[in-house]
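Each chain, letter by letter, is given below.
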Amino acid sequence: MLFIQALGFGVITASLIAIGAMGFTIQFGLTNVLNISYAGIMTAGAFAAFIAEELHLPLVLGVVLALTVGAGVTWLLGRTLFAFFARRGAGLFEMVMVTLAVNLILQFGIDAASREQIYRFAFPQGTSLHGGPFTVTVTQLVLIVVAVAVFAGLELLLRRTRLGKALRAMAAEPRLARTCGIPTGRIVNVVWLLSGALAGLAGLAYVINSLSIDASVGTGFLPLVLAAAILGRAGSTRGAVLAALALGVVTEEVAAFGGAAYGSVAGFGILALVLLTRPAAVAGQAAGKVEVTV
Amino acid sequence: MRKPVHLSLALCLPCVLAAAACASAGGTGASAGPVGIVQIAAYTGDQAFEAQFADSIDYPGLYAVTQAGGVLGRKVTLIQVDTRSDPADALTAMGKTLATSSGISGVLGPDSTSAATLVPLLNNRHLPMMITAGEAAYDRSSYAYLWRNVPPDPANGEAIALWAKRQGYASVATVFGTDTGSQGDLPGVVAGVKAVGIKLADQENLTPDQPSYRSAAERLLAARPAAIITESDGPTAATFFGELRQLGSLVPIIGTSGTPSYSYFTPLRGAIGGPSFMRYFRAVVVGNPVVNPAVTAFNAAVLGVQGKLAKPVSQWENNSFSESGYDAIITLALAMDAAHSTDGSVYNRFIMRVTAPGPGKQVVYTYAAGKAALAAGHQIQYVGASGPLLFDGYHNSFGSQAVEEFPANAGAVVVGTITQAQVQALG
Amino acid sequence: MSFYISTLLVYFFVDALLAWALNMQFGWGGIPNFALIMFQAAGAYAAAVVSLGPDTGAGAFQRYVFGSSLPFPLPLVVATLAGGLLALIVGSFSLRRIRRDYQAAILLIVSLIVTGLVTNVVGLVNGSNGLTGVPRPLSGVLSRLTYDGYQWAYAAWTAVIAAAVYLLVARLGSSPWGRALRAVRDNEDAAATIGLNPVSLRLQAFVIGGMICGLSGGLLAEFLASWSPAAWGYAETFAVFTAIILGGVGNTWGVVLGTLLVQVIFLQVPTFLPQVGYTGLIDALQWVLIGSLWLVCLAIRPRGLIPARRPVVSREARR
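Protein chains in written order, with numbering that gives the first Met the number 0: chain A, 0 to 293; chain B, 0 to 426; chain C, 0 to 318.
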C-alpha cells in the first residue's frame, strides 16, 4: 500500500525534477557547459515570484516574473561572462569552474539580500483529491500537467520547427552548422532564454511544493536535476523526462521505507551505478571531441 | 613565477599594518568608558533565526538600563558577535572582539553552537556569561563565570512527558525537524517519555522544507499514537500536519517550548485550519507566565524599542525566552551596581547575591528600583519577568514550565503547570 | 590580541594542509575535487568520536558512533586514516576515465549528498547539532599552561605538523611518482603507452590528499572542541580552490601564500570594517567576494588553466 502511494509521490517529485532537467539538458546539449549556476537561476526565479507574492501582485504575474528573471539572467550570463571565457579558449572543465563561481555569487548574493532567513511561501494548494490509494492536491496536479505541457512543447519545438531542427544540428556539429548558414548566434540566444525560463519555472515549482524558500533551494535541488539530465543523455528531453521519472520514483520509494535521508542517496546511487558500469553511454565522447559552444 | 610572490607580499603589507594598529586597542574589564555587553548569537548562517531572538532580549534590556541612568553612571553599549552558525567562525569573531573592543564587562550567550568553543575562553577571561546553550553538559558546570537562567534542553522534554502522562496518553510519536534548533530538544523528549513509561510508537525526523512528508505521515498514522510531540520550523510543520490531516486525522499535538512563535503558528494554522489548531495544539513553554511588575516593565521596554525588533512586535510581549534574556541583562547590571565594579572577577559573585532570596532583602522588579535600593544601602532580590532567578550550586536556574493553549485572536492561555521539582524528580 | 593571532595561526596551518592536499589532487593530478571539504570533515568527525566518551544511548544529549576516549595522539591517526578511507571509497567510483566536467559535478554532488546524510541520520554524528565537548589534547598534562599559553602551544604543534607535511609533499612533488602523476594529468594516453597506470596513480594522489585533509580536520576539531555541518558547507571547498588558484596551481609554496591571502587576510580583514547594513551582511557577502575573486583570477591570471583561443559561435555575425 505504501509502495503504491509512494509511486504517486514519485510522479509528483518527478514532475519537479523533469522541468528543471529539461531546461538543463537543452542548454547542456547545445553548449556542453555543465552550468552549475543553473542552481542560482532556479533560486532567483523562485525569489522573483516570492517577492511578487509579498507585494500582493496577482499570481500569474509572479509566474511570469519567475520565467522572465530566469531567462534574463541566464541570457545575460551567457552573452557576457560565459562568452568571454569561451572566447579566451576555456575548455569544458574551466567553464564549470566559471559557472561555479557565478553560482557562489548568485546564491550568496541572494542570501545576503534576503537577510539569510527562511521564508514561508504561501501558495494556494487547493483541495485534496483522492483517487484509489493516491492523494494529491490540485496544485500538485497542476504541476504535473505543467511538466507534461513543457515536455510536449519542447518536443514540438525540437521536432517540428525549423528552429528545433537547427538546434539539434548545432548540438551535433556546431562548426558544420555554421557553415551551412544556420544562424548559430540566434539559436544560442534562444537556448539561453528558453533554458533560463525553465530554470526559473523549476525553482518556482519546487518552492510551491515545499512552501518555503531561502537562498539555498536551488543548490539543494540541483543534484537531482543534474543527475536526471546526465542520466538522460545531454540534449535529450525524452531522456531527461524518463530519468526524472526513475529518480523521482526511486527517491520516494526509498524514502517511504527507509527515511528521507536515504531517498536522495538512492537516487544518486543510480547515477553512480550507471556511470561505473557504462561510462561511455552516459558520459559521452572523450573530451577531445566535445567543445564549448557559446 | 616571480610575479605572484611580489603580488602576495604587497597584499600582505596592509594586513600587517592593520594587525599592528589593532594590537594597541583591546582589553576587558574596568575602564572609564561605556560598559560593553557582548551578545553572541548566529546572525548569519543556518541558525540566523537566533538573531531576532537576540534582538528581542538586547534592545529591551539595554533600554531599561539606559532609562534608569546606566550602570555606575556609565552608558551601556551592545557589542554583537556573529557566530555565523559555525564554531570556527565564532572563535575568530570572539577573539577579534576581545582584541579590538575595550570595556567588555559581561556576555549574553554563548549559544549551543559556540558554547564548547567559547565557554573556556570567556571563563578564562573572567567574563560572567549568561549562556543560552541548552546542552545538559552545563547542568553541572564547574565554570565559575558561567550562569544559565534557561532550562537545559532535556528539561522541556521531560516536562512534556509529564504532561502527556497526566493527560493519560498511552503512546506518543515524535515529529522533529533535523535542523539544529529542533534536534536539540529531542533527546530530552525521548528520555522523558521513557522515564514516565509511555510507549514511543514512532519517531519521525523531517528534513526541513521538503515538498512532501507523506511517507512520514503514513508511517505515523500506521503507528497509531495517542498524541504527537513536535518541534520544527513553521513551513515544515505546515507541510507535515497538513498532509497528516489530509491522509487521516489529527491527534493532540504537543509543541516544545521552541514552537510558540509567530513564524510557527501562522503556517501551521493555515495548513490545518484555525479550529483544528485550537482543538489539538498545546505547547509546553519554559518560564511560567507570571504576572508581576517585571513583566510590565519588560513589555513597556519592548514597545519602547519596537522599531528595532522583528515584526509583529506583539510576538515579543510576554515571550518567555525573551523575558529570560532580559532578566539576564538586568541581573548583570544590578550585580555590577552592587559590586561597584564592572570588572567580572569582582562582580561575578554578586550575581547570586542580587537574585537569591533572603531575610531583610528588598524585592525589586525593575532595574530602576533595584539601582535605587542599592544606592540606599539595601540588599536586594531581583525577581524578573521570567520569575525569580534561583541559581543552584552549579549556577543553573530554571523555573516551572507552563502548558498553554492558543485560542484565536488571543494570546496564550495556561492550562497546566509543571514545576522544576517535578522535572528534577524524573532524574 | 595574542589570542586572536594564535587562533588565526592555527587556522592558517590547518588550511595550508588543505591547500597542499588539493594541490596534489588538482594541481598535479588534474582531479577537480569539489568535495574536498568532505574529507576534512571525515577526519574531524573521526577524531571527535574516538576522543569523546560513549554517548550513553538515546537519553544523552548527543548521539554518535564509537565513543572510545582514545588519548592523544591516536585520534589524529584515526582522523588521517578516516580521510584516506573515505577518499578510497569515493575515488574508486569517481576516478574512472571520465570527462573532467562530469567528474567535477559528481564530486560536488557527492559532497552535497553526504551533508544531507550526516544531517538526517542523527545517530551517526549527531546530525545538524554536531558534536561538542571534544576533549582538548594533553589538557591534563599541559594544565600548568595558561589558557593563552595552550593556544600558542597548539599553534606550535600545528606548525610542526604543517612542516612535516610540507616536507612530505615537496618530496613527493619532485619524486618520480610526482612526475608520473603530472604526466598522466597532461596526456593520459601517452602516459599509458609508456607503462604508467593513470587510474592507479590518480587514486594514490586522491587517497594521500584525503589523508592530509583528514589530519587537517582532526587538528581543527580538537582545537575547536566541537564540529558540526555548518563548518563544512560545500562553499568552503572553493575558498581552498581560490587560495591555490591565486597562489599558483601546482606550486607548493605558492599555495601557502594563497592560503595566507585568502583564508587569513581576505576573509578576516572585512570583519574589521565598520558595520554596514544588518549585522552579518558583510560576512554574508564574503562568498560573493570569493566567487568574484575567482572569476577575476580565471580571467586575468589563468596560469596555464586556459589554453589557446577558440572561436565563439554566437559571434558569427562578425566573422
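FYI, nobody ran anything at the bench for these hints, they're computed from the structure. Among the hints, a few may not be true.
[What the hints assert, rightly or not] Rough simulated footprint, nothing fancy, chain B against chain C, three-plus residues with beta-carbon under 8 Å:
| no. | region |
| --- | --- |
| 1 | 69 to 78 |
| 2 | 214 to 224 |
| 3 | 270 to 280 |
Here the structure is a predicted model, which means the values were calculated and not measured. Beta carbons: idealized from backbone N, C-alpha and C, even for Gly.
Evaluated hints:
no. : hint       : result
1   : 69 to 78   : violated (count 0)
2   : 214 to 224 : holds (count 3)
3   : 270 to 280 : holds (count 5)
Violated hints amount to a single one, hint 1; each of the other numbered hints is respected by the structure.
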